[in-house]
Every structure is written in structure tokens, then in C-alpha cells.
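With chain L held as given, fit chain R onto it using these hints.
Chain order of the listed sequences is L and R. Per the numbering used here, the first sequence runs over residues 1 to 325. Per the numbering used here, the second sequence runs over residues 1 to 325.
FYI, nobody ran anything at the bench for these hints, they're computed from the structure. Heads up, a few of these hints could be off.
One copy or two, either will do: identical chains are not told apart, so a pair holds if it fits within one copy or between any two.
Below, simulated EDC-like cross-link-like pairs (lysine to aspartate or glutamate); rule was C-alpha separation at most 16 Å, straight line [to be verified]:
no. : residue 1 : residue 2
1   : K246      : D137
2   : K269      : D133
3   : K209      : E121
4   : K246      : E193
5   : K246      : E134
6   : K319      : E165
7   : K101      : D91
8   : K246      : D133
9   : K319      : D22
2 protein chains.
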Amino acid sequence: MIFARFLLAGAMAIAGSPLLADPLPSWNDTDPKAALLTFVESVTDPASPEYVTPADRVAVFDNDGTLWAEQPVYFQFLYAMERIGELAESDPSILTSDTLKAAAEGNLEAALSGGEAALLEIVNVSHSGLSVDEFQDNVAGWLDTARHPVTGRPYRQMTYQPMLELLSYLRDEEFETYIVSGGGIHFVRAFAEEVYGIPPENVIGSAGKTRYAVIDDVPTILKDAGLAFIDDKEGKPVGIDTHIGKRPILVAGNSDGDFAMLEWATAGKGARLGVIVHHTDAAREWAYDRNSHVGQLARGLDEAPARGWLVVDMAQDWKSVWPGR
Amino acid sequence: MIFARFLLAGAMAIAGSPLLADPLPSWNDTDPKAALLTFVESVTDPASPEYVTPADRVAVFDNDGTLWAEQPVYFQFLYAMERIGELAESDPSILTSDTLKAAAEGNLEAALSGGEAALLEIVNVSHSGLSVDEFQDNVAGWLDTARHPVTGRPYRQMTYQPMLELLSYLRDEEFETYIVSGGGIHFVRAFAEEVYGIPPENVIGSAGKTRYAVIDDVPTILKDAGLAFIDDKEGKPVGIDTHIGKRPILVAGNSDGDFAMLEWATAGKGARLGVIVHHTDAAREWAYDRNSHVGQLARGLDEAPARGWLVVDMAQDWKSVWPGR
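Excised from the complex, chain L in its bound form:
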């Protein structure tokens, strides 16, 4: 009996061996998968000349368009519009402009027609005047019920299964995984741990102003109107330096908003890997790059070959796109 259990345990250990299991089952056997596996092996094998100590295995990921979808517009913006509608139900007097009225009506085109000033107005009204805890509860509640306007899927299932596998694989190989998002730091933290396994301290993002105050004897972090930090383009390396203080060895993005952090990270000494997710899959996801109003990708595509960055062709390189299929 004991002997039989030993045998069984041995067989299970072999079946579960990392040498045999495929850590990236949703990736096709094309070049990007091989390049990812080769890179990770080269920096984790103590006998490799490119070996990197676990403390320096820092991998950063853009969120919108890299870990989850970003069409027809950033999901955080859809949340902001719905929140304005919700707030206006109890107090219609908050709708002080055409932009806010359009947002409350869910009229995306009209809401966005005011450009950056309109965007900031919508974010200010929807993302301030409450505590960080209240805000994150509100976002989590929205994610529980809201559905994507095109696919009908809950947003938590608009993530990319191949990227979820890459995150897990890297953590299994003692990488520390971070999100470096142009989206809001508190917004992303509301789901990053549950959805990506990335805890709050590993989320870097754009930030509205916050303030500490004791309200009715309760110490609170309050979200105010106005921006404190924009974690996009040249802001991404700055955000990484501020939060991590180390130069990542692996960076994944999908747009020219990620160019600076790709450039900075891959210019470091030793083995480095830059990854660009190229949206080529109109059938299963979306196809866009140079002329897209979100996730515009031009310089990254032009310069990736010379810089040795990996361009992942979603249609060709991913066996499946969405989780749970």
C-alpha cells in the first residue's frame, strides 16, 4: 500500500514536471513563443552567461491592449461615463456641460468630441470626491455587472489568455511582474490582483491627486480632481524609476505609448527583451495599429526589427485569445 502510493506520487511528480509541462499552451509554436522561452531560460539558468539574479528579474506590462482589450475605447472611460450617469441620477445638477451630458447619456462620440479637456472633465467628475477605498469598491462592483459593448463578455474576461500564461510563467521563474499603465493606478488595482495575480504594490499608473484627511474621525485617502502623474510615453520610464528603482529586463506593450519604456529597458546591460503585441486579429479581437485612435502603433512597428523587439502577431501567434474557452 505504502509502496503503491510512493509509485503514484513519483508518476505524478514526473507528469507535473516543469521540464515537460508547456508553460505557454495558448501560444502557437511560432517564433515569439520560442523567443520568450529562450529568453527566460537564458536569464534563469545559473550556468548561462546571461544569468540574472531573481532580485533583478523585473518584468513590466502595459495594461490596455497588452493584457486586456482596449477597443472600442479604454474600458476605464466606459466606466467613467457610466459612473457619471449613475451620479446624475441622484443629482442631475452635476451635468454642467455638454460633455458631461453626453457622458451621462452614454454617447461616446459626443463625449469624446471635446478632446483632451473633455476627457479630463469626465475623469475629474467620475474619479474624485470619494475615498480610494470607495472608488475601488465602485470599480469592482461595475466589473461585476458591466458587459463589453461588442463582445458582451464581462470585462474581467476581456483579458488575453496567452498573456495571463506569460505572467504566470514569469512568476514561476522568479520574475517580479508589474503593470505600467497609462490608465489610473487605483482603477487598475481594483482588479489586477484577482485577474492578473499582480498585487497593488506592483501596479504603476496615471494618478489623480490624492489627499490625506481625517473625516468624522476616520483617517482617509481622498481622491481629488486634477492629475498628479501621467504614466504614458516618457512618463512610463519615470514611473518605473519612481516605483521600482530598477530597470526592467522584460517589457511588453502594444502602442507607441510604450515606446519609451521599451527603449529604456532594452538599452540596459545584459539580456533584455522587448515585446510588442500587434493587433492583427479582426476575427477574434481587433486589427489596428498606425491609424487607431486608441493604441496607436507606428514607430514601434517601424523600429522593432532593428531594435530586436519581438512583435507578436495576434492572429498568427496566439492559439486562443480569451480566457475560459
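Coordinates of chain R only, in the frame set by chain L:
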């Protein structure tokens, strides 16, 4: 032979057992040591009603006056003055004000006489116009050779041995330890890992403006003049929220600059511990509180008993102060 080695290994395991070793040997057997041990045991014992999962065992420490000394003035300011002197040797034209001349001469009183504006001028000139990497190399080089003006000790040995033991003890008990300093984030990162075992990503501090730029084809993070964030007083809970996104369960400070983070952290649900290091030891360190120009502590002392915060009396509660004695 094999049997003997097994016996030896067993004996060594017992001698090194955490059940028998004192994790805080430089603390006297007074109340604070007992309170620290009791708190840590209560949040790490899975059978305890106050058990906290390792992911939420966040402990934050002020630096100046809590982990290392801060008299006669913050060490970063002494560095800034010496750096201005060094810069002026190759280019005396940088000394465009009486403040900067006083700093270059090492005249502390005159340099500080201009108040906050003078302080900012000294920090701007000494902490900008170079890359983060260059700055941190410069700080590390200074720490290699500079000596404290009163004790003659290298600054890396102006840390408090009992606090080094507390940091190690907490990490052994699966706490994540952070620094939350009013001092500069890049300054503190230049020595925090070596001296405290706290890696760059766990250092939060005040920050000068930084900027990403490609200079002579080299992607670089540059330090500019001006302040981006002041991690002091009400800024400390904000800094913790931005960097960690979790409310700490243990906070240690020594001045009213730490009051807000003590208040915020200890107001959270479940077991919490606030710790104030009270400088009472004129013989071995310094004795100061309410009327000090650095590390002023008044409200914290007044309110600690009612708030249940631990006040560590350095003279009474610490067996030794400095490391390596």
C-alpha cells in the same frame, strides 16, 4: 559516519531554531520588546484571531531618526553641502548666492539661515543636472568616505542596531518592510539595500522632478530641479497609498512628521502597531523631542498613550544603539 552527520545536523537545527533564538538581542527586556514580540506572534500565528496573511504584513519605517540618526542635521543635507563644495571646485561660478557660498564652505548655520527657500536652493543645485544612476553612485561614494561630524563614524554605521534587528525579525516573519522617508527617494535607495536589506522598490521618499531623455543615444532618467513630491506629514499616507496601495499594519517613526501615517495605519481594522522612537539618550545618541529643529516630536508624545502607540525610550529600552559594538 552518516549517522553522526545526521545527529550533528539535528543538533544544529535545534541551536538555530527560531523558538530558542532571541530575534531582538539589542533590546532590553522592557515593555516595548515584549509588545513587539507579542504583536508579531499574534499576526503570524494561524490559530490567532488576529492572524494576518503574509501578503498584508506590511511594515513601514521612517528613516531619519528612526533607522539612523538625524543630528546635528539630516545627513542628506550634509551630503548636499559637500556636493556643492565639490561642484564649486571645478566651477566656482555656480555659487550665485550667499546660501550656496555658505553651503560650499560647510557653514551649516549660515546655509540654513535662509529657511525653506535656502534649503530648496541647496537641494536643487546639489541634486539635479545628472542622471539617477550618476547621483546614486555619487551618494554611495560619499558614504564610503564621509564621517559624521560628531561621532566620527561612517554614516552607514550611524544606524540603530535594535532597529536593524527589528527589520530582520519582521522579514523572517514574512513581513514586507518599507522605508517611508521625508528624505529623497534616490538618496535613500543609494544605501537602503546594503544597510537595511530594503530593496529600491520598497523605498518611498520625497522626490525631485525627473525626466526621461535619450542623450547621445543613451536612454537616461535625469534629475531636474524642483520638487515632484514631499513625503512628509500628510504626504506619508499619500506616498504609501501611491506606492503600496495597502494600509500598513506596523508603522515606526520618531517625529510628528510621522504622525499622519501612524494615525492612518493604526486606524485600520484588526491588529495594528504604532511605534515611536523617543530620543532620550544624550549619553549614547542624542536627547531631543518637543523643541528640536529636526525630528520635532510633540503631538506624538501627547497622544501616544491614548492611541496605544508604543513609545520606545532609547536610553531605557535599547541595550546597545550602534551596530558593531
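Verification of the supplied hints:
no.	hint	verdict
1	K246 with D137	between (31 Å within a copy, 14 Å between copies)
2	K269 with D133	between (40 Å within a copy, 13 Å between copies)
3	K209 with E121	within (14 Å within a copy, 26 Å between copies)
4	K246 with E193	between (22 Å within a copy, 12 Å between copies)
5	K246 with E134	between (32 Å within a copy, 14 Å between copies)
6	K319 with E165	within (12 Å within a copy, 51 Å between copies)
7	K101 with D91	within (12 Å within a copy, 59 Å between copies)
8	K246 with D133	between (29 Å within a copy, 10 Å between copies)
9	K319 with D22	within (13 Å within a copy, 55 Å between copies)
Of the numbered hints listed earlier, not one is contradicted by the structure.
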